[in-house]
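> Keeping their order, the protein sequence lines are chains A and B.
Residue numbers for the first sequence follow my numbering, beginning at 1 and rising by one.
Residue numbers for the second sequence follow my numbering, beginning at 1001 and rising by one.
The hints are simulated quantities; they were obtained by calculation from the structure and are not laboratory data.
These figures come from a predicted structure and were not determined experimentally.
Be aware that a few hints might be false.
[As the list claims (entries may be wrong)] For each label pair, taking beta carbons as the anchor points, the in silico distance ranges come out as:
hint, chain 1, residue 1, chain 2, residue 2, range
1, B, GLU1025, A, TRP296, 45 to 53 Å
2, A, ARG224, B, VAL1036, 55 to 63 Å
3, A, GLY292, B, ILE1223, 37 to 45 Å
4, A, MET1, B, VAL1036, 46 to 54 Å
5, A, ALA398, B, VAL1036, 50 to 58 Å
6, B, LYS1068, A, PRO144, 50 to 58 Å
7, B, GLY1189, A, ALA294, 23 to 31 Å
8, B, THR1064, A, ALA294, 40 to 48 Å
9, A, PRO404, B, GLU1025, 49 to 57 Å
10, B, LEU1062, A, VAL280, 52 to 60 Å
11, A, ARG405, B, VAL1217, 55 to 63 Å
12, B, ASN1216, A, GLY241, 25 to 33 Å
[As the list claims (entries may be wrong)] Some chain A residues flagged as far from chain B (calculated, every beta-carbon gap over 12 Å):
hint, residue
13, LEU31
14, LEU71
15, LEU290
16, SER331
[Unchecked claim] Pulled from the structure, derived: some chain A residues nowhere near chain B, Cβ distances all over 12 Å:
hint, residue
17, GLY59
18, PHE92
19, ARG168
20, GLN179
21, ASP234
22, LEU267
23, ALA279
24, TYR288
25, ARG375
Yeah, the Cβ is synthetic: ideal placement off N, Cα and C, and Gly gets one too.
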Amino acid sequence: MRMLSGWGRFPKVECRVIRARNQEDVRQAVLEAPLIARGNGRAYGDAALNPGLTLDMTGMDRMRSFENGVLVAEAGVLLGDIIQAFLPRGWFPMVTPGTKLVSLGGAIAADVHGKNHHIDGSFRSCVDWIDLMGPDGTVTRTKPGEALFDWTLGGMGLTGVILRAQIRLRRVETSWIVQESEALTSLTDTIAAFEGAMDAPYSVAWINCSAGKTHGHSILLKGRHALPHDLPMDRTEFDLGRPGKTPVPFGLPFLFKGTALRTINSLYWRLQRRKAGRAVVDWDSYFYPLDGLANWNKLYGRHGFVQFQCALPRDTAEAGLAEIMEAIAASDQGSVLSVLKRFGSQSGPFSFPMEGYTLAMDFPANKRSLALMERLDTITLAHNGRFYLAKDARMPKAVAQADPRAADFAEMRKQAGLAERFTSVQSRRLGL
Amino acid sequence: MSRPILILGAASDMARAVARSFAAEGHPIQLAARNVSRLDEDASDLRTRFGVEVTVHEFDALATDSHKAFVEALPTLPAVAVCAVGTMGTQAESEADPLAAAQVMRANFEGPASILAHLANAMEARGAGTLVGISSVAGDRGRASNYVYGSAKAGFTAFLSGLRNRLAKKGVHVVTVLPGFVNTAMLEGISTPAPLTAEPEEVGAAIVKAVKRNTNVIYTRPIWRIVMAVIRNIPEPVFKKTSI
Ligand SMILES: Cc1cc2nc3c(=O)[nH]c(=O)nc-3n(C[C@H](O)[C@H](O)[C@H](O)COP(=O)(O)OP(=O)(O)OC[C@H]3O[C@@H](n4cnc5c(N)ncnc54)[C@H](O)[C@@H]3O)c2cc1C
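So that you can see chain B by itself, here it is in the shape it has in the complex (with noise of 0.2 Å):
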């Protein structure tokens, strides 16, 4: 029998996406999210459709003195961990209330970065295991309409890849994700460009083949790639008079 699949964040509908694409595959899957009867309904349709095992766990990301604990009461330790946890939030908001962009740095900072860091721990110790980081390309270049979200994706860009040099050496592999527009409920009502858009299948697929080929940093759709390098690249004093 295969290794089970850790979930966090897996509400979401990407989350959903890829615990599919790893059931798929024959993973028994560890579902963790808050209020965990709302995922009952994705257990029952993982085990249906896939015939694999599913267990259900409460995490609360945010609720970063839980995490070892977390960590310590899972049934098995999961062979791949994907942390899907994230909020988008709202710029004008965060704008207006430092403490609400102060929350948004934590779901997407904070507390990602805690609990994978208990997981790469125990992982280490183990000598093997693959941790996912899904992030995003908003975190490439800090922008006026989502800097705070941003800056938070940043951070845990910069943290993956730290972790990714740390473990290298330990049998523990990071992968980091940078979904560009997906098509999920994060975006619902906004309207985006089709070739730009994935399809939330389709970054769970590209997760797994990452997991599989050990790929350190994946954008969901390649052209990402280029579309970030030229923005990334613009000189400032040209960037800050533009609205991207």
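Pulled out of the complex, with its shape left as it was, chain A reads as follows (with noise of 0.2 Å):
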């Protein structure tokens, strides 16, 4: 038995651990009992934890095949090492999260998306195929196209356990990014320079839900792919550079409520407008600006935190903002580095992204932000959104199940047998 969370160490949960090493290995472990597969732990909340079993999928990380781009691995592989191999050959990930260390399986399960989903949708537009093993321990190689693909893409392990998949990688000349940054001081000039910016292949607002002076100040990130050319003379094409991580202390919940706050969120939009226009930085520092620093999740002390992610449909969106802003800004709750991105359009009938705008924020693990979450769940539903469940911990049973899609998710689960082998504690908790 291990003490088991998700990123955000909310809630904690005694949980009996099986690392699997191969295909056999799953087998039986499917075969055994009721369980969930869980990849690296990054999903906040409780997606990734059962009680009777847990399959730790990230001993299953051999990369089996790569050819022009296409490559065939395991689960467990994390997107880091898939970057580490192929970007100095030119490859990067067609989509990727805010975290590199998240599991090939994890990434399929969640069907993430990254600052590029308005042009090349969610992770689902770079798999090919997924080998799947089902209840009863037999694999199927499952394709765009068929029902069972479309269900295991944002399926959060509920459908199965992933062995293994193809996917697609993007051809990149350089491992730069060119970045413009813009500051912004209103959400209604912030949603203006998004819908202007459709054709930027990345974008990425962090924005100011605290109260005071500078509540609603924002700043704008574009980004793409640099060229050989746009790259001052002393940089190599391809440069990897591991840098070390930085360590950050541990429980510092102080930082994340009232004057502290605000101080911290009106800093950094001060100090990155005076840093604002172009600039050609390196790609992990722009894709995983947190990787860098270890273990902050720490930081919000024992209790840990939840993250509250929608998603708002494009003609409600800046209404929904506008109220669930005014909601934390009340609360004096807050959140640290709220994120805001533009979706294109929904591709997958149970994955997170729709048409509009989708907002992160972090809150510390207490009554009160559990209390301000409930208020968002109303003004999201009231608008009609949806909610993210890799970052969901809290959400009750009939917020879940406002969502149509969850009920029609349920029933293709009873009907195929897969509801009494794969379960999550959040599987429970919501119903699905």
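Dock chain to chain to rebuild the complex, using the hints, since each chain is given by itself in its own frame.
Okay, structure coming up:
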């Protein structure tokens, strides 16, 4: 038995863990007890936790073949390993979340999105096929266009255990990113700027949701892969340099409320405004700024923290986001680094992204922020929004079931005999 | 092109990590273990990840009479040979059945010593090479809870130190690796203190560094050097009453 949690360190659950090293290990585990697969534990909440049996897939991390950007690899491979192996040869993941420390299986199961969703869609757009182990231990290769494929992308491990997959990488000419940043002073301006930046390959904004003068101030960052001629003379085209990790002090929860938080947020904005403009930055700090800080998830103290991430349709987004930000400011709970992104059109029947905007925020796990999040649930639903399961640790069942897709998913799971084999703390909490 | 690295007992978690660490430096890899087909997935992983050449070789550490032919059949005599062969067995089984104990001793001492002896002679004749033996801190002092395994590792540690002494003037270097707890299949289900528990990747990186620098003895986490110094120096009358 081991005490496990997601990245938010909330909730913590005692789980029996088995580590799979090959397909036979997975088969034995699947036939032994109801279970959930676990990748690298970067989902924030309880999606990869199951007390009876949690199957650790990080021991299945072999890359099997690579040709002309097409990679076949086992589910436990980390995106960071893929980058390490192929960026020097001119290839980069088509879609990447804000940390490279996710497994291929985790990226598929959550159908993760990156800063380029408005152009390239979610992770599914680079997946050619998946080998999935079903409830009876047999392996099915499933491809785009098939129902099982659709349910597996975004299905949070509840359709079976992903063993391996074939994905396509993107050709890049350098390991650098040309970044343009812009400081904005209101939500309206930020949204207008996003709409004007639809042809930027990558875009994301950091937005200040805490009360005070700088509420609603944002920094919009646009990016594209640099071409050789974008680089200053002294830089090599592919530089993977592995910077060390900066340790962060354990437990500073007082930074995440009231005046301290307001100060941090407005200082950050002013600092970034001064640096606004064009810069050539390295791939690691552009895509994965937080990976450089070891264990930053411990900053919030021993109770951990919870993310809230919702998506709102384009036509209701501005009003909905304004209400959400008001509610946060009024609660004085605040959030550091609230992240706003523009989503392109919905591509899968159970995946999170939908045409519109998504806002992600961290809150310390305490009574007040849990109450605040219930307010945010209500506002999101009133604006026809939805929630991201990879970030969820606390949604009530009724809220999850307000998304009509949840009942369809649960019904499919029952029909296919998946429900009694694949189960997580999250799936039971939400009735999936 | 750089010279090949031979990994003996290549199917273990630790061996996999060691192979990756060397392949990441661009070395061709020779993987050797029993039931060689088990190595195919790892071989394709090394080729795909690092673009290096990988060969697989059938090898049984207990079949000592096959070791000479094994070394002769290698396509190239490796620059470095890492012996990761070993099995923990269970102490209870070893106590109840001395034949089971003998198997543990053979797998951790006789077999590894035999294959390294053949490789040592070949490398001595060439006048260059590095031998790496993965032994264990369990060999630093016999303890009630695993003295059969520990005694075999103690034998292996002494063998490596003698080999190093003999080959030092012949251009062949010997590295003794003393892993403490490592997060591998061997320790699955056993809970160990986090500061004393290394990841296999750490061991791999430490071995590559030790080979480059000609280090003699490495503990995978430096703190083990202190822990074992303390344990070795507890007087016997006191030690026999403890259950460390
Ligand atoms: C700093 C940070 C930034 C992030 N940024 C983003 C972002 O920008 N966009 C985004 O979309 N997400 C983001 N995430 C969330 C993260 O991408 C997802 O939670 C991802 O699923 C984590 O992958 P993992 O390998 O750690 O999986 P885990 O957390 O271990 O598991 C996540 C889910 O995947 C399932 N799963 C894992 N492996 C398998 C398998 N082999 N077979 C079947 N199911 C499996 C689990 O059952 C679980 O439901 C971020 C997370 C962090 C910590």
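> Compare the structure with each hint and give your call.
Here is how each hint holds up against the structure:
Distance hint check for B/GLU1025 and A/TRP296: the Cβ-Cβ separation is about 31 Å, which falls outside the suggested range of 45 to 53 Å. Checked against the hint of 55 to 63 Å, the pair A/ARG224 and B/VAL1036 fails, with Cβ atoms roughly 47 Å apart. Taking the beta carbon of each, A/GLY292 and B/ILE1223 are about 26 Å apart, not inside 37 to 45 Å as hinted. Our hint of 46 to 54 Å for A/MET1 and B/VAL1036 is violated, since their Cβ atoms are close to 36 Å apart.
Taken as a hint, the range 50 to 58 Å holds for the pair A/ALA398 and B/VAL1036, whose Cβ atoms sit roughly 56 Å apart. Between B/LYS1068 and A/PRO144 the beta carbon distance is about 55 Å. The supplied range of 50 to 58 Å therefore holds. Distance hint for B/GLY1189 and A/ALA294: a CB-CB separation of about 27 Å, consistent with the stated range 23 to 31 Å. For B/THR1064 and A/ALA294, the hinted distance range of 40 to 48 Å is satisfied, since their beta carbons lie about 46 Å from each other.
A/PRO404 and B/GLU1025 have their C-beta atoms about 54 Å apart, which keeps the hinted 49 to 57 Å range intact. Checked against the hint of 52 to 60 Å, the C-beta distance between B/LEU1062 and A/VAL280 comes to roughly 58 Å, which is consistent with it. For A/ARG405 and B/VAL1217, the hinted distance range of 55 to 63 Å is satisfied, since their beta carbons lie about 60 Å from each other. Taken as a hint, the range 25 to 33 Å holds for the pair B/ASN1216 and A/GLY241, whose Cβ atoms sit roughly 31 Å apart.
A/LEU31, annotated as away from the interface, keeps every beta carbon of chain B farther than 12 Å; the closest lies near 19 Å. A/LEU71, annotated as away from the interface, has a beta carbon of chain B within 12 Å; the closest lies near 8 Å. Under the 12 Å C-beta cut-off, the non-interface status given to A/LEU290 relative to chain B holds; the minimum distance is some 21 Å. At roughly 37 Å, the least C-beta separation between A/SER331 and chain B is larger than 12 Å, which holds for a residue marked as non-interface.
A beta-carbon of chain B is positioned within 12 Å of the beta-carbon of A/GLY59; the least distance is around 7 Å. Once the 12 Å rule is applied to beta carbons, A/PHE92 is consistent with being away from chain B; the minimum gap is 16 Å. Separation of A/ARG168 from chain B is adequate, the least Cβ-Cβ distance of about 15 Å exceeding the 12 Å criterion. With a least beta-carbon separation of about 29 Å from chain B, A/GLN179 lies farther than 12 Å from that chain, consistent with its non-interface assignment.
Distance check on A/ASP234: its Cβ is at least 25 Å (rounded) from any Cβ of chain B, clearing the 12 Å threshold; non-interface status holds. Distance to chain B confirms A/LEU267 as a non-interface residue, since its nearest Cβ pair spans about 35 Å, more than 12 Å. A cut-off of 12 Å between C-beta atoms confirms that A/ALA279 is not in contact with chain B; the least separation is 31 Å. The Cβ of A/TYR288 sits about 19 Å from the closest Cβ of chain B, beyond the 12 Å cut-off, so the non-interface label holds.
For A/ARG375, the condition that its CB be more than 12 Å from all CB atoms of chain B holds, with the nearest at approximately 39 Å.
Hints 1, 2, 3, 4, 14 and 17 from the earlier list are contradicted by this structure; the remaining hints agree with it.
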